[in-house]
Amino acid sequence: MTRFRESVRSLLREQVLDAAYRLVAAEGWNGLRMTSIARAAGISRQTLYNEFGAKEAIGDALVQRELEGFLIGIERELDAHRGELEAAAAAGVGYTLQQTVDNPLIKSVLVAARGGEDDLLAYLTTRTEPVFGTAMAMLDAYAIEAWPEVDEESRGLAVETVVRLTVSHIVQPVASPAETAARIARITARIAYPGGVRGGPVPDRT
Numbered sequence: 001m002t003r004f005r006e007s008v009r010s011l012l013r014e015q016v017l018d019a020a021y022r023l024v025a026a027e028g029w030n031g032l033r034m035t036s037i038a039r040a041a042g043i044s045r046q047t048l049y050n051e052f053g054a055k056e057a058i059g060d061a062l063v064q065r066e067l068e069g070f071l072i073g074i075e076r077e078l079d080a081h082r083g084e085l086e087a088a089a090a091a092g093v094g095y096t097l098q099q100t101v102d103n104p105l106i107k108s109v110l111v112a113a114r115g116g117e118d119d120l121l122a123y124l125t126t127r128t129e130p131v132f133g134t135a136m137a138m139l140d141a142y143a144i145e146a147w148p149e150v151d152e153e154s155r156g157l158a159v160e161t162v163v164r165l166t167v168s169h170i171v172q173p174v175a176s177p178a179e180t181a182a183r184i185a186r187i188t189a190r191i192a193y194p195g196g197v198r199g200g201p202v203p204d205r206t
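For the sequence shown, position 11 matches number 11 in the working numbering, and the numbering has no gaps at all.
Worth double-checking, as some hints may not be accurate.
Have a look at the derived ranges for each label pair, beta carbon to beta carbon [said to hold, decoys possible]: (1) 55 / 176: 15 to 25 Å; (2) 68 / 107: 16 to 26 Å; (3) 79 / 149: 14 to 24 Å; (4) 57 / 141: 26 to 36 Å; (5) 146 / 11: 30 to 40 Å; (6) 179 / 107: 36 to 46 Å; (7) 55 / 146: 36 to 46 Å; (8) 46 / 153: 47 to 57 Å.
These are computed hints drawn from the structure, not numbers from a lab. Just so you know, even glycine gets a beta-carbon here, dropped at the ideal spot from N, CA and C.
Work out the full structure, taking the sequences as your base and the hints as a guide.
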């Protein structure tokens with residue numbers, strides 16, 4: 001019975017988050033009301049409050065769910081280029097930046113925020129510790145296994161740099177995803193291998 005209740009609750013949360021995702025992508029976050037989310041999810045407002053408590057909790061859950069999907073995709077990109085750190089970084093960053101262009105929720109949030117209209121961006125910027133912490137922990141664990149020759153300090157600096165630069169370019173892009181990814185990857189590789197990648201010079205592709 002306990003497992004059944006947990007399964008029902010999990011399905012309910014996904015149902016609510018799917019509904020909130022659609023509404024935010026179509027209408028933005030600021031004007032979104034709990035009543036609208038409950039109606040779109042096909043549940044009562046009281047049930048929604050019982051499960052999430054407040055709109056802010058739904059925002060947190062939406063961001064965390066998107067982050068989990070991003071990290072799965074990033075790991076897949078890293079695995080495809082595991083033998084070369086710079087290529088792996090470019091693939092992972094490029095995937096992330098392109099997803100922010102293609103993802104309806106993130107696209108809606110960023111477009112609205114640039115007009116000063118959407119507070120959901122705070123979940124990616126001023127309320128970043130869960131996002132940064134999760135991403136950096138995942139990448140650090142991956143780097144330890146994939147590139148063990150990188151010393152701990154250089155690895156930590158490289159991981160923090162790639163995460164913070166990527167988020168910065170998500171919020172305020174200055175070039176195409178591919179161009180930005182290549183630049184961030186070069187910076188990351190030079191931090192990880194100060195003397196040159198695996199003993200050789202880092203290729204300059206500018």
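Outcome of the hint check:
| no. | hint | verdict |
| --- | --- | --- |
| 1 | 55 / 176: 15 to 25 Å | violated (35 Å) |
| 2 | 68 / 107: 16 to 26 Å | holds (19 Å) |
| 3 | 79 / 149: 14 to 24 Å | holds (18 Å) |
| 4 | 57 / 141: 26 to 36 Å | holds (28 Å) |
| 5 | 146 / 11: 30 to 40 Å | holds (36 Å) |
| 6 | 179 / 107: 36 to 46 Å | violated (19 Å) |
| 7 | 55 / 146: 36 to 46 Å | holds (39 Å) |
| 8 | 46 / 153: 47 to 57 Å | holds (52 Å) |
Checked against the numbered hints given earlier, the structure breaks hints 1, 6 and satisfies all the rest.
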